[in-house]
Amino acid sequence: MSNGTVKDHLILIGLNHRTAPVEVREKLSFAGRDLDPLNLFLGIPVVREVLFLSTCNRVELLLVSREPETAVELSKKAWGEANDIEVSLFEKHLYYFRNEEAVRHLFRVAAGLDSMVLGEPQILGQLKEAYRRAAERRATGVILNRLLHKAFSVAKRIRSETGIGSHAVSVSYAAVELAKKIFGDLSGKQAMLIGAGEMAELAAQHLLNQGVTKLIVANRTLSRAIELAKQFRGEAISLEEIEDYLLKVDIVISSTGAPHYVLSAAQIKKLMRPRKMRPIFFIDIAVPRDIDPEANEIENVFLYDIDDLKAVVEENLAYRRKEALRAERIIEEEVLKFKAWLEQLKVYPTIVALRRKAEEIRRRELEKTLAHLKTKLPPEDREALEVMTKSLVNKLLHDPIIYLKNRYHRDGQQVVDFTRKVFNLDGEAPLEASPPESILADLEKAPKH
Amino acid sequence: MNLFFFKLALIVYAIATVGYFVYLYTLKKEAAKGAYYTLLLGFAFHSLSIILRWVEAGHPPLTNLFEATSFLSWGLVLGYLIIDRRFKQAKTLGAFVLPVATILLVYSSFCPKEILPLPPVLKSFWLPIHAAISLVSYGFFILAAASGVMYLIQERQIKKKKLGGWFKRLPSLEVLDRINELSLKIGFPLLTVGIITGAVWAEEAWGSYWSWDPKETWSLIMWLIYAALLHERLAVGWRGRKAAWLSLVGFMAWLISFFIVNLYVPGAHTYVEWHG
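If you read the sequences in order, they're chains R and V. Position 285 of the first sequence, counting from 1, maps to 275 under our numbering, and the rest follow consecutively. Just add 6 to wherever you are in the second sequence, counting from 1, and you've got our numbering.
The hints are simulated quantities; they were obtained by calculation from the structure and are not laboratory data. Predicted model only: the values in this text are computed from it and were never measured. Heads up, some of the hints might be wrong.
[To be verified] Once the Cα atoms are required to be at most 27 Å apart in a straight line, the calculated DSSO-like pairs of lysine-lysine come out as:
| no. | chain 1 | residue 1 | chain 2 | residue 2 |
| --- | --- | --- | --- | --- |
| 1 | R | Lys300 | V | Lys166 |
| 2 | V | Lys167 | R | Lys259 |
| 3 | V | Lys35 | R | Lys312 |
| 4 | R | Lys67 | R | Lys(-3) |
| 5 | R | Lys312 | V | Lys167 |
| 6 | R | Lys312 | V | Lys166 |
| 7 | V | Lys174 | R | Lys312 |
| 8 | R | Lys259 | V | Lys168 |
| 9 | V | Lys165 | R | Lys204 |
| 10 | V | Lys167 | R | Lys170 |
| 11 | V | Lys191 | R | Lys238 |
| 12 | V | Lys168 | R | Lys300 |
Take these sequences, add in the hints, and give me the full structure.
Have a look at this one:
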């Protein structure tokens, strides 16, 4: 490496909900194993940096190595061995991305574009957590540090510039979003759950999370009502009491197995005057429906059945898919920027060598001059000379360095070779003399953007 | 000088309006913030133009159509700023109210603007009180109407289950209804005081409290509409759709009273006569 360029490769190996069934994903997630995957992969000699991401929908390994083929082979082997699974058993489910592709994939994952629910935000938190663990273990270096920070900022940019994360895409969230547009703030509001069921209970939980203060649970079997009420810290009532409680509550989630309407439009209409016309929102998740659809015609009564909510979700998903296209454009833009940085990385050893040489000359010449002076200079004057010579060197080097950084994209290695020849960087002070750590230290100091 | 600041206010209001439209479209917080500070600047210019005109004329600038419309716009912006402080989640209201304030200023900019000596009948202690209070009450009725329109749009979105761009952009029904209610609760007492002070003044000037002048009649119609709305709201618990519609009916009565009766029907409020 006499010309001072070594290429660091980014490698991403992984499997997700589209490429592998959960049985395979969970086997590779190190779950329940007493082994830190970071330690395992860092133990492979050709691996320089590691990040390990494991969520319920994906397991991914991000590596930096100068010998990518060996790194991939050894990592797969170690991965399989550590989890007692033959490489051949999971190999067909793996996807591989290199360099630019790996960057793009990571950005897409961070923004939720690769998620099962398009645009979901949890993945960003999981990625941050994975990075925190890797950084704590010092498994990441210059490249992954920068890449991960970039991934977080790209995800943030996509969230703020596109609508990828807006609009509820699950039935229960859609119901909560509607409730908020009807009641504004949900704190201080009361809700009633008629019947039970997974989706209804989920919606009730969301409402409580949004500040609904009280939940009333009505059920055909009172014991079931009491059990649910305990779970949500609410009040259990029997079906006969519903009408009285309808005077108080603001939101009703209905999900009984009844073969006919539990509430008729006339019954609800009758309630409105005693309610002082306060709005009421019915979420009818039951099939067949519990609440007479005619009720939606009553003033200040809002009724959504399961199909209405599903239609809302479908529309919101279509909107997200449209916004995802805009997000992909942002990602392309950022991938290019990151690629430029990666490329630039290759000229850094040359820049470091250039700076070191200049600094050496400066110091030598300054000492020579000071030694030859007849009078000893006071410290202030020495300081002034130091500053002057330093700025001379910096100003002289400024343009060559900029030239190197900018032209490298176009002219590649040629520029580096040319610079090294012009400044004779490989003659008297060969780069091998400098330990790689110091280059990395210099890289760390390099401006982040 | 007062006209210079008037024009400045008009331009700055127009910019603020565009800012609120941008916010309505993009929902970017920065747009709402920018529009709000622009509006504050415009309001400062507007206030200054009114004060300067008062100094230059030597009497409160509430005597002709230019001055009245300009003051009405000022009152509307004042009301908007009060509502905006009270309801943080209703920034898109600006996109409905500010165009009206701007249009009112544009309209007044087409009226004759010279300062004329005050006709003897207007030389009264009651002039600034009666006119200012009445005009500010109109500002709140415009706010009630604007929030009413927004309520009707939002309610339609939710009832028809077509949750489009408006659903996302407009505040919740609850907030819109409360803005409507608050505007009414401020506007109605002001209108009442405006009518009473007008009657007292009329007694001083013409010796009769009430003469069924067309303007008086329309003001009474307005008062009855808003009184009914307030009563239904407080006693029966009317809200939402019906309240929104009734505040629009009141707004219609106001439009007739302010733009048609004032201009074309002869009477004590016919501004055109004073500078004919």
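Verification of the hints:
| no. | hint | result |
| --- | --- | --- |
| 1 | Lys300/R with Lys166/V | holds, 15 Å |
| 2 | Lys167/V with Lys259/R | holds, 20 Å |
| 3 | Lys35/V with Lys312/R | holds, 23 Å |
| 4 | Lys67/R with Lys(-3)/R | holds, 24 Å |
| 5 | Lys312/R with Lys167/V | holds, 21 Å |
| 6 | Lys312/R with Lys166/V | holds, 24 Å |
| 7 | Lys174/V with Lys312/R | holds, 17 Å |
| 8 | Lys259/R with Lys168/V | holds, 24 Å |
| 9 | Lys165/V with Lys204/R | holds, 26 Å |
| 10 | Lys167/V with Lys170/R | holds, 15 Å |
| 11 | Lys191/V with Lys238/R | holds, 26 Å |
| 12 | Lys168/V with Lys300/R | holds, 12 Å |
When each numbered hint is compared with the structure, no violation occurs for any of them.
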